[in-house]
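Line order of the protein sequences matches chains A and B.
Here the working numbering is used: position 25 in the first sequence is 25, and no number is missing along the way.
Here the working numbering is used: position 59 in the second sequence is 59, and no number is missing along the way.
For the record, the hints were derived by calculation from the structure and aren't laboratory data.
Careful: at least some of the hints might be erroneous.
So the derived label-pair ranges between C-beta atoms look like this [what the hints assert, rightly or not]:
1) B/L118 x A/S55: 39 to 49 Å
2) A/K2 x B/D108: 15 to 25 Å
3) B/R131 x A/I10: 19 to 29 Å
4) A/T54 x B/A31: 52 to 62 Å
5) B/A31 x A/E58: 36 to 46 Å
6) A/R50 x B/V64: 28 to 38 Å
Not the full set, but computed from the structure, chain B residues with beta-carbon under 8 Å of chain A [to be verified]:
7) D70
8) G71
9) D73
10) R75
11) D108
Please read all numbers here as calculations on a predicted model, not as lab measurements.
We put the beta carbon where it would ideally sit given N, CA and C, even for glycine.
For reference, the chains in residue letters:
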Amino acid sequence: MKNLVRALRIEKGLAQGELAEAMGVSRQTINSIENERYTPSLPLALALARYFGTSVEEMFDDQG
Amino acid sequence: MTRVNCGRRGSVSRWLMPAGCVLFGCVLLLAGWLGHQLVTGLIGLVIMACFGLFVALAGRSETVRGLRGDGRDERFAQIDLRATAATGLVLIVAVIVAFLVEIARGHDGSPYTWLGALAGIAYVAAVAFLRWRG
Numbered sequence: 001m002k003n004l005v006r007a008l009r010i011e012k013g014l015a016q017g018e019l020a021e022a023m024g025v026s027r028q029t030i031n032s033i034e035n036e037r038y039t040p041s042l043p044l045a046l047a048l049a050r051y052f053g054t055s056v057e058e059m060f061d062d063q064g
Numbered sequence: 001m002t003r004v005n006c007g008r009r010g011s012v013s014r015w016l017m018p019a020g021c022v023l024f025g026c027v028l029l030l031a032g033w034l035g036h037q038l039v040t041g042l043i044g045l046v047i048m049a050c051f052g053l054f055v056a057l058a059g060r061s062e063t064v065r066g067l068r069g070d071g072r073d074e075r076f077a078q079i080d081l082r083a084t085a086a087t088g089l090v091l092i093v094a095v096i097v098a099f100l101v102e103i104a105r106g107h108d109g110s111p112y113t114w115l116g117a118l119a120g121i122a123y124v125a126a127v128a129f130l131r132w133r134g
């Protein structure tokens, strides 16, 4: 699923590992989300959106 | 910094799988000893202990950590689920093929008849239970 995770992470100056640590998932999971290979669960999507101060709808695009 | 935990299991399980491997190896040894096949049992124990040691001491690769249990998260849980389903499918196909071969050879299909029936019943029961649980 298309998403803004990479853009928001870079904007915040975070490494994948740092974001993974904050979310309680592996670095590979963040990498898979950014590369649209893995669609996160609702709790993780909500956590990511909260972390970046945005909404799930803005962060993830299921139409793309 | 906000820290959430999305399905990651703690490091308590790091030694669980290696210990389980050694335990299963001991069970193999016991079964071999009971069946007067001590060498077979010993080989089983050595293989299981080596695998357990490898999993315990191997590096930080995601696959190894996932197998070991530490560093698992929701994505690995999904991978685990799919891998388990694929394994089950392979086993069921193997049982069906073995059953057909046994029938074609003029045998009664044992023990594959019961294994196939068990797989079918287990699948239907799991579907019913999971549907009931919502």
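Report task. Go through the numbered hints given earlier and state which of them the structure violates, listing their numbers in rising order. Result -> 2, 3, 5, 7 and 11
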